[in-house]
Amino acid sequence: MSVATSPSHGVSLFSDERCSICDQGLVVAPEDLAESSYLDDVELSCTHHFHWTCYAEWEEDESRGKCPLCGESSLDQRGRLIVIVRNEGGTTQGFDLGEALDLESEMDAHPQRKRERAFLEMIASKDYETALALLTTFGDDEEKEPPVDVNCLHGDDAEPAIVRGKTALHVCAMSDDADGISWLLRFGADRTVQDVDGRTPLEYAERLGNARAKDALSASS
Numbered sequence: 006m007s008v009a010t011s012p013s014h015g016v017s018l019f020s021d022e023r024c025s026i027c028d029q030g031l032v033v034a035p036e037d038l039a040e041s042s043y044l045d046d047v048e049l050s051c052t053h054h055f056h057w058t059c060y061a062e063w064e065e066d067e068s069r070g071k072c073p074l075c076g077e078s079s080l081d082q083r084g085r086l087i088v089i090v091r092n093e094g095g096t097t098q099g100f101d102l103g104e105a106l107d108l109e110s111e112m113d114a115h116p117q118r119k120r121e122r123a124f125l126e127m128i129a130s131k132d133y134e135t136a137l138a139l140l141t142t143f144g145d146d147e148e149k150e151p152p153v154d155v156n157c158l159h160g161d162d163a164e165p166a167i168v169r170g171k172t173a174l175h176v177c178a179m180s181d182d183a184d185g186i187s188w189l190l191r192f193g194a195d196r197t198v199q200d201v202d203g204r205t206p207l208e209y210a211e212r213l214g215n216a217r218a219k220d221a222l223s224a225s226s
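Its first residue numbered 6, the sequence shown is counted upward by one per residue in our numbering.
In short, the hints are calculated from the structure, not lab data. Keep in mind that this is a model prediction, so the values were computed, not measured. Any given hint could be a false lead.
Claimed, not checked - Pairs of lysine-lysine, DSS-like flavour, derived with a Cα cap of 30 Å:
#1 Lys131 to Lys219
#2 Lys131 to Lys71
#3 Lys119 to Lys131
Given these sequences and hints, build the entire structure.
This is how it looks when you write it as structure tokens:
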């Protein structure tokens, strides 16, 4: 493990095992003792390491791409903040942290859109319990964050790009997810809703030859 001091930047310790801002381990111990520890490591091009949240909070008050420890710019020739991210999902080389932080900022500025995005992700991962909570409860600000509309659309920044402008029902039809379709219909999804291209979920199921999805969409229609 390498260590260096840099008092001029307000950070006293560099370590490949600790965040160079908060000086806490990159393996984070959760507050709930029943949960497991997790890795949270963002490595800039200068090889200094940070927790994702620590770096994001620091960047709010500083210029993009500047290392909090050494002051070196981590932007590439195209002005992108490309880093290495290590977490429980593994190691991601060439990750555009600047783009991710911009998206986080946009979601924070539009809390209802953030809730809709979470709902769509929960359906994709079959976490129906969490999805139901978003459909039936208000957010922190009841005036700005009503229950999510089951027919909300994936945004222009959604990944993969093929889901953009489509509802959760469209995506389930495209992936032949009959269970997801049945769940969505039970909670009010509109099987006649059209995506940005003017197509219904049933049209996608028929075009792709997804028999299970077709049957689920046609049942009791």
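Going down the list of hints, with the structure as the test:
| no. | hint | verdict |
| --- | --- | --- |
| 1 | Lys131 to Lys219 | 19 Å, holds |
| 2 | Lys131 to Lys71 | 39 Å, violated |
| 3 | Lys119 to Lys131 | 18 Å, holds |
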